[in-house]
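Participant: Could you slot chain B onto chain A? The hints should help.
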Amino acid sequence: MNAWIAISPLLLLVGGGLLVMLVDAFTKERNDLATVTAATLFLSAGVSLFALLSGKDPVDVPEVFGAFLATDRLGLFFDVAIGLGGGLSALLAGGYLREHGLERGEFYVLVIFSAFGAMVLARATDMLTLFVGLETMSLGVYALAGFRRGSPRSIEGALKYFLLGSFAAAILLFGSALIYAATTHTDFAGIGATVAAGDADIKLLLMGLLLVLVGLAFKVSAVPFHMWTPDVYEGAPTPATTFMSVVVKAAAFAVFVRVVITAFGDDLSASSAGGWPPILAGLAVVTMVYGNLAAVGQTSIKRMLAYSSIAHAGYLLVGMAAASVVGEKAISAVLFYLMAYTVSNVLAFGSLILMGSRGREAVSFDDLAGVGRRHPLAALPMVIGVLTLMGFPPTAGFFGKYYVFSAAVEAGGGFVWLAILGVLASAIGAFYYLRVIVAMFMKDPVPGEPVAVPMRSGSVTAALVISGLLVMDMGLMPGSMLDLAIAAAEQLFAG
Amino acid sequence: MFETYLPVFLMIGVASAVALGMFLATTLAGPKKPSPEKNLPYESGSNTTGANHIRLSVKFYLTAILFVVFDIEAVFLYPWGGMFRDLGWFGFVEMLLFLVILGVTLVYAWKKGALEWEK
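Keeping their order, the protein sequence lines are chains A and B.
Using our numbering, the letters of the first sequence map in sequence onto residues 6 to 500.
Using our numbering, the letters of the second sequence map in sequence onto residues 25 to 143.
Honestly, I wouldn't trust all of these hints.
Claimed, not checked - Computed cross-link-like contacts, DSSO-like style, restricted to lysine-lysine with a CA-CA straight-line distance of at most 30 Å:
1) A:Lys307 / A:Lys165
2) B:Lys136 / B:Lys83
3) B:Lys136 / A:Lys165
4) B:Lys83 / A:Lys165
5) B:Lys83 / B:Lys135
6) A:Lys448 / A:Lys307
7) A:Lys33 / B:Lys135
8) B:Lys56 / A:Lys33
9) A:Lys33 / B:Lys136
Source of the hints: derived by calculation from the structure; they are not laboratory data.
Remember, it's a predicted structure, so these values are computed and weren't measured experimentally.
Chain A with its partners taken away, still in its complex shape (with noise of 0.2 Å):
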């Protein structure tokens, strides 16, 4: 019966998304759906909180799940994570859809298994059920990319999605084979234990290492596997965009800390000299570096954010460097800063989406110009967005890249340039960050054009506030996430 307490978030998904699937079949009124769904994922991620929260080490049972799924902190961590940004943009796409006329129950199905997938991926213990997870995911949110059927922009996004994400699907599935091969483990516990014991075939086992790093690249945006990200975030509707942007990244970043802590964490895969730490400092540096660069230049908002997401990608990379040399301080830090980016983003994507009302979506800056004079109250929670974004005290993001730069730091070597090199792109992204707020407030619209008309959608207004509150509650009140942050990564170095 423990095993299954122990995945009950998991199951609680499931039952939820056939819910709404009948829900859906068998009314024609669908106004309720996006709070069912909302409902269902909140529930999952409370269930995973208050099991965090009351302390008790999770349930271990081996003889079901173990091998296969893990049961710990960690999982329960991203549960929340990937819950939380998930019944966010469900309540996003309640006001979005019906406001844009693209209201249909699939999308919420899509959202419910999607996030499931995600949950599977971040609890993923060996190498199968990482594909199995990666692929029940993905699958989703390639369909909801292309969910705006008439728009050949959303389709194109959509095509791209899927193409290039199979290939990166089959390069990493390429990549586990390898690693079978050198250490006749699928497991990520095994394949560490055999690697430590050194029975493993060095030249193999470091090609299917970064086959597989170059599959989770893809998954989390990282430079130069980030192509499709701009015309993907672009085309996609709205609340499909946020979902992306916070349930694939976080559930992507957790399997990556699986792989590279629990696999690959021994001395040799792990030393700075060879294995995976040049190899993630360099993806941060190219990656940090490109994507402020490439943001400065967008003249749509949702294009900026996307390159906003890649950069974003990059700082967490420097965490992830850093995990080879601090490691829980560096995994509590990503951690923390993946909760922190995932409310920040929901907020930022979904100010966007409150600037759109009927038939006319805000998406440039063109678009925004004027409107914090006109609605002052409607801008609020962009100008909040986007300085957590950028890093502003008193906000989540502040404190998200302060850890990660910390964590860097105190790693030392060469990962101080890496810390420093961060700050300045962060620099670099406080130009085009503000140049929201500058839009907002002091420019007036070109002369002819509207000025954006904010939607009124009760489901909107309660994710900006949600997660406005969670914003503002991590920037000045960090401490207690951060604990659950740690209590999470020391488990994973502890077992």
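Facilitator: Using the frame of chain A, we list chain B on its own:
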């Protein structure tokens, strides 16, 4: 390393040589008396009409996907049936869960009109 795989490379070489040789031999030695009928893409059957990029109704895909889903169900059910006594109640409940989920999807597909050809 190379010695181990030498038979494989030999096999690849022989196979390619045979295949290429057959093509070359028929091209060089065979008699050629082309006629319009012989130059058609298909020599038998009725002539094709219309463009080759026609759009097929999405109904074909729905039917195909539903077929695959329930085909897979049968594939799972057979070995389960063979092992039924050994798996006991645990296997029974597991399979019941699987069938319930499939049942929900069938009801969904039905209500959404995926089973109706004429509409």
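Participant: If a hint holds in the structure, say so; if it doesn't, say that too.
Facilitator: Cross-check of the supplied hints:
1. Under the criterion of a C-alpha separation no larger than 30 Å, the hint pairing Lys307 of chain A with Lys165 of chain A is consistent with the structure, at around 18 Å.
2. For a cut-off of 30 Å, the pair hint linking Lys136 of chain B to Lys83 of chain B stands: about 12 Å separates their Cα positions.
3. Proposed proximity of Lys136 of chain B and Lys165 of chain A is supported: the alpha carbons are some 28 Å apart, at most 30 Å.
4. As the CA atoms of Lys83 of chain B and Lys165 of chain A are separated by approximately 24 Å, the hinted pair is consistent with the 30 Å bound.
5. Between Lys83 of chain B and Lys135 of chain B the CA atoms are separated by roughly 15 Å; this keeps the pair inside 30 Å, and the hint holds.
6. The suggested pairing of Lys448 of chain A with Lys307 of chain A holds, with an alpha-carbon distance near 19 Å, which does not exceed 30 Å.
7. Restraint check for Lys33 of chain A and Lys135 of chain B: the C-alpha separation of about 11 Å stays at or below 30 Å, so the hint holds.
8. For the proposed pair Lys56 of chain B and Lys33 of chain A, the alpha carbon gap of about 67 Å is over 30 Å, so the pair is violated.
9. Straight-line distance between C-alpha atoms of Lys33 of chain A and Lys136 of chain B comes to about 11 Å, which keeps the hinted pair within the 30 Å bound.
In terms of the numbered hints stated before, the structure departs from hint 8 and from no other.
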